[in-house]
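Q: As a plain string of letters, each chain reads:
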Amino acid sequence: MRILFVVQRYGAQVPGGAELAAREFATRLALRGHATEVLTSCAVSYVDWANAYPPGTEELDGVLVHRLPVSEPREDRIFGPMHARVPFGRHRVPPFMQRDWMRVQGPNLPGLTPWLRERAPSYDRIVFFTYLYFTASAGLPAAAGLVPTVLHPTAHDEPPLYLSLFDLTFRLPSALAFLTEEEAELVANRFHVRLPSTVTGLGVELNVAAAEEDITAFRAGVAGLGTRPYLVYVGRVDPGKGSVELFDFFTTYKRRNPSDLALVVVGDPVEPMPPHPDIFITGFVAEPTKRAAMGGSLALVQPSYFESFSLVLVEAWALGKPALVQGRCDVLDGHARRSGGGIPYRGFAEFEAALDLVRSDPGLAGALGRAGRRYVERRYAWDRVIARYEAFLSGMRVPAPAVRLEGS
Amino acid sequence: MSDLLERLRARVEERRASGAYPPGLEHDLDVHFRHIVEHRPVRNLDALHTAMATFEEGLRFDAALIPTGSRVPGGQVLHQAAAKLVTRQTDWIVQQLREFAESVRVMLWTMIATLDDPTHVHAELTAQIDAVLDRLAYYERSPADASMLGSIVRRLEELEAAEARRQLRPWYRPEHLAEELQGSRSEVLAAYRPLAERFAGSAPVADLGCGRGELLEALGDLGVEAIGVEADAELAKAAAGHGVAVDHDDAVRWLAATAPESLGGIALLAVAQSLSAQELLDLVTLAAEKLRPGGTMVVTPGPGEGDPSYQRPVHPAYLAFLFREAGFADVAVDAGTVIATR
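Here the protein sequences come in this chain order: Z and G. Taking our numbering, the leading residue of the first sequence gets 175, the next gets one more, and so forth. Taking our numbering, the leading residue of the second sequence gets 77, the next gets one more, and so forth.
Pulled out of the complex, with its shape left as it was, chain Z reads as follows (with noise of 0.2 Å):
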């Protein structure tokens, strides 16, 4: 099959959970023989969308990505009390000014439209990631008809989930690809759509361990830490992933439970946390550095509200590490209780009396790991995940119009 897959950001500098996974599907069907191409921005960062990659077609791991410059930057000027009142804001706001929020927030790409519409005919597939961007928003309808769609949302329960900007944007593609079960039925409950859908999920690397040197070398490397126990977050220190809450609750907790209970947080901060004696901010750290994190844990903590996989929550099961996740986000939630390897808590009391359960009783610490490495064995091995989503995008129905008449 020629795939084309459409995302916001691409390339081996480019963080995210959305972009990552995009780039595993599309390295990964490469790999097994596919022609895999890649239509996406010259960005790196999200937060202002500046064209840091040349404009043009390169190959990287056998994809072929085609990147369209950035036409004008996000400001935040502009865009801080648009997201503020359009998304975020008390009221329903008109299409208008959602379609002006969506082009505020970038990426602004003038030339991913024309460029769909001349190419997406020679594609057999088109898979699109992420529901929240223009590339999606402004893609799907250009490529729409013409060849066989995928929408990725990994949708969170977020308030643009909640605009009717995107109502039609669910409704456009041939199929829609979910990365958890909680994923697919909150799409399902806000839109209503009744298109085919499949749950993917992500792969995990599965023969990984982390070294009793590695994790020396780690404990050594954050200055303070030594050899007290810790829990570890890893993702992005941001209010909407829970930071926030994560720092008053360890805080307090701490207050209540005096110990040498450490917090080793690994991540770009958005939102620094405030200094805090028992608190370690490594910052964005490599691969085998946030393994060796992962792997000297005590447990992995994963308090974010809006999920829509959690690639780090599997990746600390593929380590045999049990999990405290936030049980108010429902695919974190899933995801705990389908496995057995992480405990949902709901509010402090129950963060407090989980943490609790784990420090105070080793051997259900050491059960809840095992249960999510057999989880993510079931689940998440790379070669089964690429297998389904072949089937899945070989079996898609090829839609009977294959032509658009320009202007129509």
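Careful, some of the hints might be misleading.
Derived Cβ-Cβ restraints for the label pairs, each shown as a range [as the list claims (entries may be wrong)]:
id : chain 1 : residue 1 : chain 2 : residue 2 : range
1  : Z       : Pro228    : G       : Glu263    : 49 to 59 Å
2  : G       : Tyr215    : Z       : His265    : 28 to 38 Å
3  : Z       : Pro228    : G       : Arg211    : 36 to 46 Å
4  : Z       : Ala209    : G       : Gly403    : 30 to 40 Å
5  : Z       : His450    : G       : Asp192    : 38 to 48 Å
6  : Z       : Thr426    : G       : Trp185    : 33 to 43 Å
7  : G       : Tyr215    : Z       : Glu249    : 53 to 63 Å
8  : G       : Tyr215    : Z       : Thr231    : 51 to 61 Å
9  : G       : Leu257    : Z       : Gly285    : 45 to 55 Å
10 : Z       : Glu249    : G       : His111    : 17 to 27 Å
11 : Z       : Val382    : G       : Tyr214    : 26 to 36 Å
12 : G       : Trp185    : Z       : Glu249    : 35 to 45 Å
13 : G       : Asp410    : Z       : Ser296    : 48 to 58 Å
Away from chain G, derived, C-beta distances all over 10 Å, residues of chain Z [to be verified]:
id : residue
14 : Gly230
15 : Pro284
16 : Asp341
17 : Leu342
18 : Gly414
19 : Gly521
20 : Arg553
21 : Arg558
22 : Arg562
If you're looking for bench data, these hints aren't it; they were derived computationally from the structure. This one's a predicted model, so the numbers in the text were calculated from it and none came from an experiment. Here a beta-carbon is modelled for each residue, glycine too, at the ideal position from N, C-alpha and C.
Based on the hints, put chain G in the right spot on chain Z.
A: Quick look at chain G alone, frame taken from chain Z:
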């Protein structure tokens, strides 16, 4: 997992009961969560449940609850006697009230359960909106009637295939045909020398359909700057091989792209017969625009039906008419050759 969660929640309840959480602690630590997720549509039926609890409390209909006390001396005895006298009627009314209250209670709980159901979303309205959105999506996905478009596409493909069959794709070398029809290059060169002399002082000269480039060579020999335009790639290459300047292009397109009044001469030798009627008209109009005042255009007849690209005979009288109509100042016909001066 469910056992573990039960244990966890039981522990939390015990702690709450023991006052382990200071008042306001849990609420204060939840502020951030409430702020972040306040957009989530929550069905809050708390007020209804409270009202129902009060309602349930009040469902105690009993004749024994009718007070019989009195501050009037002997009043209590009187009340009790009166109550006893109407016991049958009172019991019957109380019974009716109980039955009525029970039916109201059942009805209210049914209504609350319906409201509480997460799927209760005004189904008819939602279904109508969904139908509109589905229809919109259908139109977005299917820009026009699919079967009609399919038949148009098939027809277009057939026409394109038929057109491709009509196009001339010679397997012989065009240079050989030119030699066959017009004579050897040296013969043609000799024949063109007098023609080239007409362009003396008219540089730059464009030779449209220059073929093997004989006229260009003759003009070069006279020191007249000239450029050839040839649509046949092989002939253009052959001409360039003789050291003359040649553009591989369509004559009409080339002339249209040339700057106004930038040419001193235009030659159209043995080419007019191969142009469509409209192309010939366009060429004359363009020549009038691109020649500077005093510039000359020379058109000679071709080899006629012997040429496979031959389309129609072009009579010199018709050509002369066209040049005059296009505003050329002087038009002459000399043995089939038309010479027009702007």
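Q: For each hint, tell me whether it holds in the structure or not.
A: Tested hints:
no. : hint                              : in the structure
1   : Z:Pro228 <-> G:Glu263: 49 to 59 Å : holds, 58 Å
2   : G:Tyr215 <-> Z:His265: 28 to 38 Å : holds, 30 Å
3   : Z:Pro228 <-> G:Arg211: 36 to 46 Å : holds, 43 Å
4   : Z:Ala209 <-> G:Gly403: 30 to 40 Å : violated, 58 Å
5   : Z:His450 <-> G:Asp192: 38 to 48 Å : holds, 42 Å
6   : Z:Thr426 <-> G:Trp185: 33 to 43 Å : holds, 40 Å
7   : G:Tyr215 <-> Z:Glu249: 53 to 63 Å : violated, 35 Å
8   : G:Tyr215 <-> Z:Thr231: 51 to 61 Å : violated, 33 Å
9   : G:Leu257 <-> Z:Gly285: 45 to 55 Å : holds, 51 Å
10  : Z:Glu249 <-> G:His111: 17 to 27 Å : holds, 25 Å
11  : Z:Val382 <-> G:Tyr214: 26 to 36 Å : violated, 46 Å
12  : G:Trp185 <-> Z:Glu249: 35 to 45 Å : violated, 55 Å
13  : G:Asp410 <-> Z:Ser296: 48 to 58 Å : holds, 57 Å
14  : Gly230                            : holds, 29 Å
15  : Pro284                            : holds, 20 Å
16  : Asp341                            : violated, 5 Å
17  : Leu342                            : violated, 6 Å
18  : Gly414                            : violated, 7 Å
19  : Gly521                            : violated, 6 Å
20  : Arg553                            : holds, 16 Å
21  : Arg558                            : holds, 23 Å
22  : Arg562                            : holds, 25 Å
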